[in-house]
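The hints should help you fit chain B onto chain A, whose structure is shown.
Number of protein chains: 2
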Amino acid sequence: MSDFSEIEKAAVYRAIAARRDVRSHFIDTAVSDETLMRILAAGHRAPSVGLSQPWRFIIIRSDTTRKAVHASFVRENERAAAAYADERAAQYRALRLQGILTAPINICVVSDETPPHGHGLGRRTMPQTARYSTVCAIQNMWLAARVEGLGIGWVSILDPEIVRTTLQIPAHCEIVAYLCLGYTSGFAEHPDLEEAGWEQRMPLESVVAYESYKPV
Amino acid sequence: MSDFSEIEKAAVYRAIAARRDVRSHFIDTAVSDETLMRILAAGHRAPSVGLSQPWRFIIIRSDTTRKAVHASFVRENERAAAAYADERAAQYRALRLQGILTAPINICVVSDETPPHGHGLGRRTMPQTARYSTVCAIQNMWLAARVEGLGIGWVSILDPEIVRTTLQIPAHCEIVAYLCLGYTSGFAEHPDLEEAGWEQRMPLESVVAYESYKPV
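Heads up: the sequence lines are chains A and B, in that order.
The first sequence begins at 435 in the working numbering and counts up by one.
The second sequence begins at 435 in the working numbering and counts up by one.
Errors might be hidden in some of the hints.
[Stated by the list, open to error] Lysine-lysine pairs mimicking DSS-like chemistry, simulated, CA-CA at most 25 Å apart:
1. K443(A) - K648(B)
2. K648(B) - K501(A)
3. K501(B) - K648(A)
Since the hints were made in silico from the structure, they are not lab data.
So that you can see chain A by itself, here it is in the shape it has in the complex (with noise of 0.2 Å):
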């Protein structure tokens, strides 16, 4: 029934089961510019509600931007750890939660929210919709990036007007996703949240109910 043969579909499964929400192990090699651009060509093959395609990509090397979205990260990651108690407190300072300044490139993904293509279909009654096209970008560059060899990382410890102010995103536009690209040294096999112990991957079962919610 399908037109992928049993080796192209292995790899699609391969390459959702083997991303990784990478933070460290990025390693120094340049990225090419054509292999940039493939893995954000695989971004604007998204799904788009109205084919609006609302997803901006703002590309940033510069050491002055990413050492001011990393304080933001330190702020905020102080915050958030000073907010749990004891052994959980320390087990969070161990984590590595951020590759800003050691992935060569940084990529603010942000959203259109009233976007000039599209004529407005499907976004009347959830407008929404326009982010979570944005989202399924996001997840193409992830995949892209994992069979090119490179690491991506979502960091969502930020103050998102900070990174508005920073890069000078306008009020229509949402911020959905700061992320750190860069060749890495490896894919751990699970995800460090797992390694760590900070949390278990839930058995399928557990999310997946018929015909009604059913909750977990």
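Just chain B, lined up with the frame of chain A:
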């Protein structure tokens, strides 16, 4: 630099490029539980903030439920059509925008806004990242379905409160997507909305900026 062969890389890029939002062309062929579970497992392999795994999948086969959701689509679609003028309205009414009754399976994907897993990591300054994790799961499912020869269509022209009531979704879960899933007689070469002349693909360069935001 990559542990994916050229054939494997090409397969992932092809899945990304050949994925379509499928609204028509669903066929009657039954979807096996094994296939459905592989697609859901691909979703469950998505990244999630703090390893919170906030996605919940509700599998719907009931005709009664699908008819109730379809009725909401018909109402909201008529309202949407009424908001366009003249030629654009005629063009809108000619579009095929859902396969709720023709696809053998519908999947409502909801996101727990206060997920019990992950200990809140990464959600202090940007709590919306839980929903974004759920959207990453959807894009994984979309790609997995594509290589299995199954189409997915995302219906956003719905009143989410009707969906909530019909599927008994509690207030702490956000309705992220209502998907139609099934085998299809074929995948269109271009997005339906492009084929229909509703909207065109933008050039990649127009959505890429360097070092700071650039208007499209």
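The hints, checked one at a time:
Using a Cα cut-off of 25 Å, the hinted pair K443(A) and K648(B) is violated, with the two alpha carbons roughly 38 Å apart. Of the pairs offered as hints, the one joining K648(B) and K501(A) holds, with about 21 Å between alpha carbons and a cut-off of 25 Å not exceeded. Simply put, K501(B) and K648(A) have alpha-carbon atoms about 21 Å apart, close enough for the 25 Å limit, and the pair holds.
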